[in-house]
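Since the structure of chain A is already known, use the hints to place chain B on it.
Just so you know, the protein sequences line up as chains A and B, in that order. Those letters in the first sequence? Residues 1382 to 1686, by the numbering used here. Those letters in the second sequence? Residues 132 to 500, by the numbering used here.
If you're looking for bench data, these hints aren't it; they were derived computationally from the structure. The structure displayed is predicted, hence computed values, not measured ones. Be aware that a few hints might be false.
Using 20 Å as the maximum straight-line C-alpha spacing, the simulated EDC-like pairs for lysine to aspartate or glutamate come out as follows [claimed, not checked]: (1) K1502/A <-> D1585/A; (2) K1671/A <-> E487/B; (3) K1681/A <-> D1595/A; (4) K1502/A <-> E307/B; (5) K1502/A <-> D273/B; (6) K1637/A <-> D372/B; (7) K1509/A <-> D270/B; (8) K1508/A <-> E356/B; (9) K241/B <-> E1588/A; (10) K241/B <-> D1595/A; (11) K1637/A <-> D266/B; (12) K424/B <-> E356/B; (13) K1639/A <-> E214/B; (14) K186/B <-> E1638/A.
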Amino acid sequence: MTSQFDIFKILVGSPSDKDFGNKPVIIQGITGSFGSTHTKLMKSYGTNIAAGVTPGKGGSKFDNVPIYNTMQEAVQSTGSLISGIFVPAPFFYDAAKEALDSGIKLIVAIPEHVPVLDSIKVFEYAKKQGAKMIGPNTPGVIVPEVMKVGIMPAQPFTKGNTVVFSRSGTLMYEVSSYLSEYGFGQRLGLGIGGDPINGTNLIDSFELIRDRDDVDSVVVVGEIGGDAEEQLSDYIIKTNFSKPVVAYIAGRSAPKEKRMGHAGAIVYGNYGSAESKINNYSKANVPVAKSPREIPLLLKEQLKK
Amino acid sequence: MRLLEYQGKELFNEYGIKTPMSFLASNIDEGNRGTQLLGFPFVLKSQLTVGGRGKAGAIQKCKEPSEFEPKFNDILNKEVKGELPRGILLEKMVDISKELYLSIFLNRSKRCFTIIASAEGGVDIEQTDNKVMQDIPLDGIDLELANEILNKLNISDNSKSGFVDLLFSLFKLVIEKEAELAEINPIAILSDGSLIALDAKVIIDDNSLFRHDDLKKYLYLSELEIQASKNKFSFVELDGDIAIIGNGAGLVMSTLDMVSDANGQAGSFLDFGGKATSETIYKALGVISELPKIKAILVNLYGGIVRTDLVAQGILDAYKNNIINVPVFARISGAESEKAKQMLQGSRAKLFDTVEEAINAVVLNVNTT
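For reference, chain A alone in the conformation it holds in the complex:
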C-alpha cells in the first residue's frame, strides 16, 4: 500500500533543483481547441509548458511553445516527466502509451468518455513503468500559486496546508473557493476523476500526502457510485491516518440505477449509495458535510480537536 511516489517532487521539485517550481510539462493535443485554450491559461498561472505534441505539426510553435510530432522527441528535448493529455477520448490510449514509453512519470488525463478498458490498460502499464496516471475525466492537479496541469480556473485556489481530493471538477473549484474564503489555503488540489476507473484513486491520493508535514488536513469531495469512499474509510481506520479529514458526498437524492452525468456516478442496490458511504465514514470518524458550504465549518471544528 505504501508508495514511494513523490508527486510534489515531480510537480515542483526540490529547492536545490535549478528548475525548482518550474518543472517542464508537455501538452499532448496542444493544438486542439481545448488544449490550446488551457495551454495559455496554464502558462499564465506559472506552469512551464515546455513542449507540445501534435502529430504532423512538428517544427511549428504554439504561443511560443515548440511542437513535436512525437513524445519521444518532446521528452528528449525537454527532459519532462509530466504530460497533460488533452486529446479526444478515442485517441487517449495511444497517447498515454506513447507518453509512458517515452519516460513520462506522471500522466494527467483530461479527456472525458475514455472506455474503461483503455483506462485499466493504461493504469497497468503505468504501474509497470513506475509511473502514475491522474484521471481520466479529471480537471487535473494544482499546486496553488505555483503551477497547475489541467483545466481548473485559478481564482478559487490559494496556497496553504489543506489538500482537496475531488471526484468532481466544478465541486472541487467551489469547495476550494469556500476553503479559501475561510483561510484554508491548499497545498494541493487533485481531481480524482468522474470515471469508474481512476489512475489515482482516493487511497492512492491519501498515500501521496500521508507523511507530509506541510499538509495539516484533507477534504474529500466524493459522490455516489462505486466503493471508493468505503475503501477509504477502511484505509483511514486500518492505517491510523492521523490528519483531520472532512468529507462531502454529492448525489444523496439521486435515483438508483441512473447515471448522473459522470460515468462512475451510478448506484446499484446498496452498492455506491450515499448511505453506505456516510455509514462507513462515520465508522472512521470522518464528518460528512451536508452542503459544500458546510465543509470549511466542519474543518475548523476538526482542526480544533
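Chain B alone, transformed into the frame defined by chain A:
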C-alpha cells in the same frame, strides 16, 4: 447501457453460450406465432432494464393455450419500477437438475475484472456467503485459474469442462464487447450435465460504443435523451417539478441534494459540461421546455471563465423566442454579474448571489403556485 435479456442472450449465443429456445414478441399476434413455434409449456418474460421482474409478476409460466392471451397481455401492460416492457420473451422451459451463478464485473476499486461464481443459482448474490470471488488479469484466464474456481464450486464431473468453457466464453465476451458486467443467474445444469444460461444481464460501457457498431442497435434513448446527447449534455428525467441545470455532474448532483433538503423536488438533471455560453444555456433550456411538468428552472453555474452576461443573454433569448414560459432562478458565479443582473431586470429570470438563496426562492415559488 444495460441490455435487455434477449439482447444479452444474442451476445451469449455469438460466443457459444447456450440459451433455451425462445421467441421475442411485442404484440399478441407475434406472441401467438411464438406459441406455434415453441409449443407449450414455456415462460413469458418481460423485457426490462430494471431488476425485480420475478417479484413484480413480470415473469410467468404458461402451461396451456388458454393461459396464454391473458398472461401475455397482463405482462405487456405491467409497469415495473416505472418501466414498461420493450417486448415479451417466450422461452422454452428446460429440465433443471441444479443451478449455478456466474458473473464477471468491472471491479472499480481493484481496477480489474473480477469473477463471482456460486453453486447456488437464482439467488441474490449480494445476500449469499456461498460464493467464490477471483480477480482476473487482463491477459486472460488460464486453465489453472479456471480449475481453482471449479474446485471451490463442487460441480459434478460431467459438467466441469462445460463450466470451464462457459467461463472462457464469458470473459472473452466481456473484453471484446467491453462490458462492465456480464451476469448469468442462473445457469441451469441439465440432466446430461450440459449447461445453459437461463437469464442474461449485460451492461456495456457506453464510452466504448464508438468502436462497436454492432452494439449501437441496442441503444435505446428517449426523444429528450437523444436531443440532450446531440448537444453533449448529460440529462436524467426525475419525478419533481424543478428543472436543474448546471455545469459539472458533481455540482448538479449537489444542487439536487440541496433542493431536496429544502423540500423541493427536482424534475430533471441537466449537466451541460464545459463551456457556459448564451448558446449552451439556450439549448439546455430547449431540452427542459419539452417537459410539461416543470414549473420553474434552477440554474447553478460555477467556473472561472463563465461570462454571466452571456448566460443572461441566452436566458433572455429563450423567453423572447417562447422556448420557456416558467421562471428561472439562477446563481451564476463568474464575470460581469452586475451587468447580468441589470439585463435580467423586468424578465421572469432572477439572479442570486448564492445557490442557497436561489434554492429557497425556487422552492417557495413552486410550492406557492
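Practice item. Could you grab the alpha-carbon distance between K1502/A and D1585/A and see if it respects the 20 Å cut-off? Key: holds, 18 Å
Practice item. Verify the proposed pairing of K1508/A with E356/B, using a straight-line Cα cut of 20 Å. Key: Violated, at roughly 38 Å.
Point to revise | Given pair status - D372/B, K1637/A, alpha carbons within 20 Å | key: holds, 19 Å
Point to revise | Distance restraint between K424/B and E356/B, which requires alpha-carbon spacing of 20 Å or less | key: holds, 17 Å
Check your understanding: Is K1637/A close enough to D266/B, meaning Cα to Cα at most 20 Å?
Key -> violated, 26 Å
Review point. Do the alpha carbons of K1509/A and D270/B lie within 20 Å of each other, as the hint requires?
Key: Satisfied, since the Cα-Cα distance of roughly 14 Å is no more than 20 Å.
Review point. Given the hint that K1502/A pairs with E307/B, does the C-alpha gap stay at or below 20 Å?
Key: Judged against 20 Å, a Cα distance of about 14 Å means the pair holds.
Review point. Holds or violated: are the alpha carbons of K1639/A and E214/B at most 20 Å from each other?
Key: Answer holds: K1639/A to E214/B is near 13 Å, not above 20 Å.
Exercise for review: Take the C-alpha atoms of K241/B and D1595/A, compute the straight-line distance between them, and say whether it is at most 20 Å.
Suggested key: This hinted pair is violated, its Cα atoms lying about 30 Å apart.
Check your understanding: Does K1502/A pair with D273/B here, judged by a C-alpha cut-off of 20 Å?
Key -> holds, 19 Å
Practice item. Given the hint that K241/B pairs with E1588/A, test it: the Cα-Cα distance must not exceed 20 Å. Key: Cα-Cα ~16 Å, so holds.
**Study point:** Given hint E487/B paired with K1671/A - CA-CA distance at most 20 Å
**Key:** holds, 12 Å
Violated hints for the displayed structure, listed by number in ascending order: 8, 10 and 11.
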